[in-house]
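Peer 1: Given next are the chains, with one letter for each unit.
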Amino acid sequence: MRKTLSLVLALVMLLGVMAIPAASAEGTDWSAKNKLKITWTTYFTSLPTEDSHFIKFVEDKFNVDIVMLPIDDSNFNEVLNTYIMGGETPDVIRLKDPGQFNSYVETGELGVIDMDVLRAQAPSICAAIDGFREGSFWDYGVVDGEQYGIPAVAPGNIYHLPVVYNQTWLEKLGAEVPTTLDEFHDLLVRFTKDDPDGNGQNDTYGLSSDGLRVLWGAYGVNPGACDGRTDHSYFQILEGRPQYAATSGQYKEALKVAAQWYKEGLIDPEFITGENTGGYWAISNSIINHRIGMTVRGNYYHWVMPGAYQLFDEAGNLVDCDAGAVAKEFLAVNPEEKVVLGQPVTGPYGMGVKSWNLLAQIYCFSRDAAENPEKWERICAIMEYMDHQYVTDRALYTDYFESLYGEYGNYWIWEDEEACVARTTAKFEEDYPGFASTDAWGPTQWGPTLPILLPTKGNQWATSIGYEEGGIVNLVQFSLPAMAENQNNVTHLKDTWMIDFITGAKDVDADWDAYVRELNAAGLDKMVKEVEDWYASTQAE
Amino acid sequence: MSNKVNKAALEHNHARKIKRSLGEHIFDKFNFVFLGILALTMLYPFWYELAISLADANKVAISKVFIWPGAMSLESYKNVCSDPNIWSGYMWTIIRTVVGTIVALVLGFHFAYVLSKKYFPNRTFWTGILVFTMFFSGGMVPEYLLIRDLGLMNNIFALILPGAISAYNITIMRNFLMSLPESLEESARIDGANDIVILYRIIVPLSMPILATVALWTAVGHWNAWFDAMLYIRSSNKQVLAITLRRIVLAGTNASTTSMSGEEMNTNMTSETIKAATIMVATIPILCVYPFVQKYFVKGVMVGSVKG
Numbered sequence: 001m002r003k004t005l006s007l008v009l010a011l012v013m014l015l016g017v018m019a020i021p022a023a024s025a026e027g028t029d030w031s032a033k034n035k036l037k038i039t040w041t042t043y044f045t046s047l048p049t050e051d052s053h054f055i056k057f058v059e060d061k062f063n064v065d066i067v068m069l070p071i072d073d074s075n076f077n078e079v080l081n082t083y084i085m086g087g088e089t090p091d092v093i094r095l096k097d098p099g100q101f102n103s104y105v106e107t108g109e110l111g112v113i114d115m116d117v118l119r120a121q122a123p124s125i126c127a128a129i130d131g132f133r134e135g136s137f138w139d140y141g142v143v144d145g146e147q148y149g150i151p152a153v154a155p156g157n158i159y160h161l162p163v164v165y166n167q168t169w170l171e172k173l174g175a176e177v178p179t180t181l182d183e184f185h186d187l188l189v190r191f192t193k194d195d196p197d198g199n200g201q202n203d204t205y206g207l208s209s210d211g212l213r214v215l216w217g218a219y220g221v222n223p224g225a226c227d228g229r230t231d232h233s234y235f236q237i238l239e240g241r242p243q244y245a246a247t248s249g250q251y252k253e254a255l256k257v258a259a260q261w262y263k264e265g266l267i268d269p270e271f272i273t274g275e276n277t278g279g280y281w282a283i284s285n286s287i288i289n290h291r292i293g294m295t296v297r298g299n300y301y302h303w304v305m306p307g308a309y310q311l312f313d314e315a316g317n318l319v320d321c322d323a324g325a326v327a328k329e330f331l332a333v334n335p336e337e338k339v340v341l342g343q344p345v346t347g348p349y350g351m352g353v354k355s356w357n358l359l360a361q362i363y364c365f366s367r368d369a370a371e372n373p374e375k376w377e378r379i380c381a382i383m384e385y386m387d388h389q390y391v392t393d394r395a396l397y398t399d400y401f402e403s404l405y406g407e408y409g410n411y412w413i414w415e416d417e418e419a420c421v422a423r424t425t426a427k428f429e430e431d432y433p434g435f436a437s438t439d440a441w442g443p444t445q446w447g448p449t450l451p452i453l454l455p456t457k458g459n460q461w462a463t464s465i466g467y468e469e470g471g472i473v474n475l476v477q478f479s480l481p482a483m484a485e486n487q488n489n490v491t492h493l494k495d496t497w498m499i500d501f502i503t504g505a506k507d508v509d510a511d512w513d514a515y516v517r518e519l520n521a522a523g524l525d526k527m528v529k530e531v532e533d534w535y536a537s538t539q540a541e
Numbered sequence: 001m002s003n004k005v006n007k008a009a010l011e012h013n014h015a016r017k018i019k020r021s022l023g024e025h026i027f028d029k030f031n032f033v034f035l036g037i038l039a040l041t042m043l044y045p046f047w048y049e050l051a052i053s054l055a056d057a058n059k060v061a062i063s064k065v066f067i068w069p070g071a072m073s074l075e076s077y078k079n080v081c082s083d084p085n086i087w088s089g090y091m092w093t094i095i096r097t098v099v100g101t102i103v104a105l106v107l108g109f110h111f112a113y114v115l116s117k118k119y120f121p122n123r124t125f126w127t128g129i130l131v132f133t134m135f136f137s138g139g140m141v142p143e144y145l146l147i148r149d150l151g152l153m154n155n156i157f158a159l160i161l162p163g164a165i166s167a168y169n170i171t172i173m174r175n176f177l178m179s180l181p182e183s184l185e186e187s188a189r190i191d192g193a194n195d196i197v198i199l200y201r202i203i204v205p206l207s208m209p210i211l212a213t214v215a216l217w218t219a220v221g222h223w224n225a226w227f228d229a230m231l232y233i234r235s236s237n238k239q240v241l242a243i244t245l246r247r248i249v250l251a252g253t254n255a256s257t258t259s260m261s262g263e264e265m266n267t268n269m270t271s272e273t274i275k276a277a278t279i280m281v282a283t284i285p286i287l288c289v290y291p292f293v294q295k296y297f298v299k300g301v302m303v304g305s306v307k308g
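Here the protein sequences come in this chain order: A and B. Heads up: the first sequence at position 95 corresponds to 95 in this note's numbering, and the numbers run straight through without jumps. Heads up: the second sequence at position 258 corresponds to 258 in this note's numbering, and the numbers run straight through without jumps.
Mimicking BS3-like on lysine-lysine, the simulated pairs with C-alpha atoms at most 25 Å apart in a straight line are:
{"#": "1", "chain 1": "A", "residue 1": "Lys56", "chain 2": "B", "residue 2": "Lys238"}
{"#": "2", "chain 1": "A", "residue 1": "Lys172", "chain 2": "A", "residue 2": "Lys193"}
{"#": "3", "chain 1": "A", "residue 1": "Lys256", "chain 2": "A", "residue 2": "Lys193"}
{"#": "4", "chain 1": "B", "residue 1": "Lys78", "chain 2": "A", "residue 2": "Lys427"}
{"#": "5", "chain 1": "A", "residue 1": "Lys35", "chain 2": "A", "residue 2": "Lys56"}
{"#": "6", "chain 1": "A", "residue 1": "Lys56", "chain 2": "A", "residue 2": "Lys427"}
{"#": "7", "chain 1": "B", "residue 1": "Lys19", "chain 2": "B", "residue 2": "Lys29"}
{"#": "8", "chain 1": "A", "residue 1": "Lys193", "chain 2": "A", "residue 2": "Lys263"}
{"#": "9", "chain 1": "B", "residue 1": "Lys64", "chain 2": "A", "residue 2": "Lys338"}
{"#": "10", "chain 1": "A", "residue 1": "Lys56", "chain 2": "A", "residue 2": "Lys33"}
{"#": "11", "chain 1": "B", "residue 1": "Lys64", "chain 2": "B", "residue 2": "Lys78"}
{"#": "12", "chain 1": "A", "residue 1": "Lys256", "chain 2": "A", "residue 2": "Lys506"}
{"#": "13", "chain 1": "A", "residue 1": "Lys375", "chain 2": "A", "residue 2": "Lys35"}
{"#": "14", "chain 1": "B", "residue 1": "Lys59", "chain 2": "A", "residue 2": "Lys338"}
{"#": "15", "chain 1": "B", "residue 1": "Lys238", "chain 2": "A", "residue 2": "Lys37"}
Reference excerpt, derived from the structure (chain A facing chain B, CB under 8 Å, subset only):
{"#": "16", "residue": "Pro70"}
{"#": "17", "residue": "Asp72"}
{"#": "18", "residue": "Glu78"}
{"#": "19", "residue": "Val79"}
{"#": "20", "residue": "Thr82"}
{"#": "21", "residue": "Met85"}
{"#": "22", "residue": "Gly86"}
{"#": "23", "residue": "Gly279"}
{"#": "24", "residue": "Tyr280"}
{"#": "25", "residue": "Ile283"}
{"#": "26", "residue": "Asn285"}
{"#": "27", "residue": "Ile288"}
{"#": "28", "residue": "Glu329"}
{"#": "29", "residue": "Ala332"}
{"#": "30", "residue": "Val333"}
These are calculated hints, taken from the structure and not from any lab test. Predicted model only: the values in this text are computed from it and were never measured. Virtual Cβ for every residue (Gly too), placed ideally from N, Cα, C.
Sequences and hints are given; from them, build the entire structure.
Peer 2: Listed below in structure tokens is the structure:
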């Protein structure tokens, strides 16, 4: 009897072991396992409240007790350190600044990830990162050959910054959207001299601080705008080696052109203080107020004109899209006018314009979370589930959305069923007031943002106008230590000198060496050395 | 006779008024203009936010609102007030402000009163102990550990007790109490008052101006505080108003905080009006406290207390 029993038991165990690889993350019954407590940090601003519909749902489904630890962006390291010193290292940490990653690994607070479990429990996350830029982004989570973090990639940033023209001005002048640097220059002259706003006064200019990005891009570099707020340290591979964009030879050439343009009166003298004089960050008050004819500010979706593309409404009919956030402001001031999005122009070094960084954050895990197999398995499964918003399998997606928002048709509808894009209804907003500010972003911040671009109609449109091409990408997607330490001073000096060079207060040829010397003294040489070493080590791999 | 003298005195005063020099006139005018402009620079930002908060974001260009929005809408207020945590946030903020201020005043005033007495043994030593805490603090991590080990996590007292003794406010109160003449205490004692009576019947009524001042500082401090609440309060239904509002404001401007490295979130311009409405919702209640306290600031401190 006993023998039979043990045989049966052995057989059951054997079957169990064999069944493991076959069991998908979906099929696991977590309620049969131990209830675990998991502490999780996300964006402070989009932190789901602990009694929210969404957290409760996850707690039930995965048999866990989720503790949300709020960390405010402005004191991120300070607060995280407090939790760590208090012995409460969060199990899942969304590291806002990937540059801090190494220092947390060095303190021994982070655990090494078991990649086998991650691949078994979170196949779609792994597949997405594997498939993006040949899986190279995994390296951002590696320290000394061990995987400590999962990269969160912002796929929307594959689109470069928008090159925006006042279309009404173009039409009035009988001009086209320029494609070469020469045509661009001619257009700026006409914007400046031919009174495009028709008020009889010579009060217009071609461009201002942000529009200069087109010129820099035509020379293959992104030294940043001179307002010191939107760009820090851009490094690029120029002449076969990593260089700081704003001390490269190509930038020097471009500066001479900029100084010439300034002399011709094409650049708004107010470029020194930038185009945004307050309010929402992506607004260019200069173009809205008819000082300039073109700008490069915000993202493509800020500038979309109403009806640029069509999307599905709640009844499933195709309707015109609304104006983007900044376009709306433009239209409120200039109801009769339009803007048009063009491509960067071709210059001596090709064509291009700045792109935002693709590496947004790094997800890393406490030693307890990574080294406790039961906990790690559960975390992987939860993250995989969260990322079902990226899944294009209709059944999975329906399940996910029903669990998150409720009944189909009543609370959510397909915006585009084929592409698996859904959205909540007005009734949902009514029945769950405040959900939008606390829950809606929650899910997207739970797990790593994946490098899968949601095929929304807006994104499809941006692809159709060619915005995936021509972005100038930063070589270093996060701050290295010397960069973090010195870049504020260096950027400030770079901006000051850029203004002096363009306005003619300093001469590009005569004062260039002094400029480079001053930046080096402020710490640029350390930053360059560090980037060169880092680049050499990544190339060696 | 006395009437005549008075009349002459009046005329004399009148004459003196007229005789003010040109320089004085210019100085006065300049003062009016200067203080007027100063007052405007303080009022205008508040007025501007009010105008933005009332603007109808769908009809008005927000960047063109300076004095008054053309089309008005209460939509942003509706939006802010529909957040489920706003009202519980108000409740906890009011509790924390009221209880926190009372605790700080009661403890602080008695502390200050004792330190203000010259005959208090080892007075310099105790004052030194107090002042020491102004310059050296334990820091955030030890304070966090202390609060946690005291079992105060997720408890309103975690927001009240750490700030109950403010060395700065106590020093201010001590200096005020030291300026009260000792003869007050002596005369009360001659009339048979004991220490307790002297403190509560004589000193406290005379100290209203300083109590009002310190109360206002403490109350405004509690009203605006959010960082301690973020660290110590874990349940959203126990969270203070400042945190909830901060979340609403930041949710609308996420792009600017992530633009350095992360993806630009697709936010809407209406967030500018929501932001402004949030600022209004947060500041108007505490602003209403000022008029009630202001008379104590203006009033003379020692009027009629001791007849010479």
